[in-house]
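Student: Use these hints to put chain B onto chain A, whose structure you have.
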Amino acid sequence: MILARVVGTVVATRKDPRLEGKKLLILKPISPEGKDESGYVVSVDTVSAGVGERVIAVAGSSARLAEGCKDTPVDNTIIGIVDEVHLD
Amino acid sequence: MYLGRVVGCVWSTIKNQSLTGLRMLVVQPLTPELKNTGKPLICTDSTGAGTGEVIYWVRGKEASFPFGTSEPPVDTTIVGIVDSVHIEQRAVPVLPIPRKAATSRKAKAKPC
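For the protein sequence lines, the chains are A and B, in the order given.
Numbering-wise (the numbering used here), the first sequence opens with residue 1 and increments by one.
Numbering-wise (the numbering used here), the second sequence opens with residue 1001 and increments by one.
These aren't lab readings, by the way, just hints derived from the structure by calculation.
Keep in mind that a hint or two might mislead.
Listed next, with one range per pair, are the computed distances between beta-carbon atoms [stated by the list, open to error]:
id	chain 1	residue 1	chain 2	residue 2	range
1	A	H86	B	K1035	19 to 27 Å
2	B	E1088	A	I26	40 to 48 Å
3	A	H86	B	P1032	26 to 34 Å
C-beta: ideal position from N, C-alpha, C; glycine also.
Isolated chain A, as found in the complex (with noise of 0.2 Å):
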């Protein structure tokens, strides 16, 4: 899982029709600091999270295991928002 930041949405008319109803999110990957890394990633969101905050986005097939996401075509979702990194 990584931390990341939500900086936009996508809006998609032409899809596949399980993904239809479903957020899309752009994301920049950040450190435990708050520093942006480097890419992009395109996340289905599942916590109704909103632009500017700090999200945990899960990727790979455990993406489909979030809630509303079985058997669909999805390999990235945002699965919490992040109130706290606490480091040592």
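Tutor: Relative to the frame of chain A, chain B by itself:
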């Protein structure tokens, strides 16, 4: 499976229901020589590991297996706490992270 060291933890209130009660820790991946490698990541914990401990973790769908039939949507999980690592007859001791407070005390103890 990969080696890593726990360096922090993550709090989240709004999350997938099946994640309720699971601890999420920040893990820094390590080489067999226990040197940092790659970017830190978030792992769920099935062992009760604490900050500073060297652990091993799994990646992929197998990461949800330790939690039984609830199958939480996780892709990285801590599945063991490392006691020691042996590489070609050399033993690498697993030491805790030196604390900042401890180093400053040591510095004070040194005579000028």
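Student: Now, for every hint given, state plainly whether the structure supports it.
Tutor: Hint check results:
{"no.": "1", "hint": "H86(A) x K1035(B): 19 to 27 Å", "in the structure": "holds (24 Å)"}
{"no.": "2", "hint": "E1088(B) x I26(A): 40 to 48 Å", "in the structure": "holds (46 Å)"}
{"no.": "3", "hint": "H86(A) x P1032(B): 26 to 34 Å", "in the structure": "holds (28 Å)"}
When each numbered hint is compared with the structure, no violation occurs for any of them.
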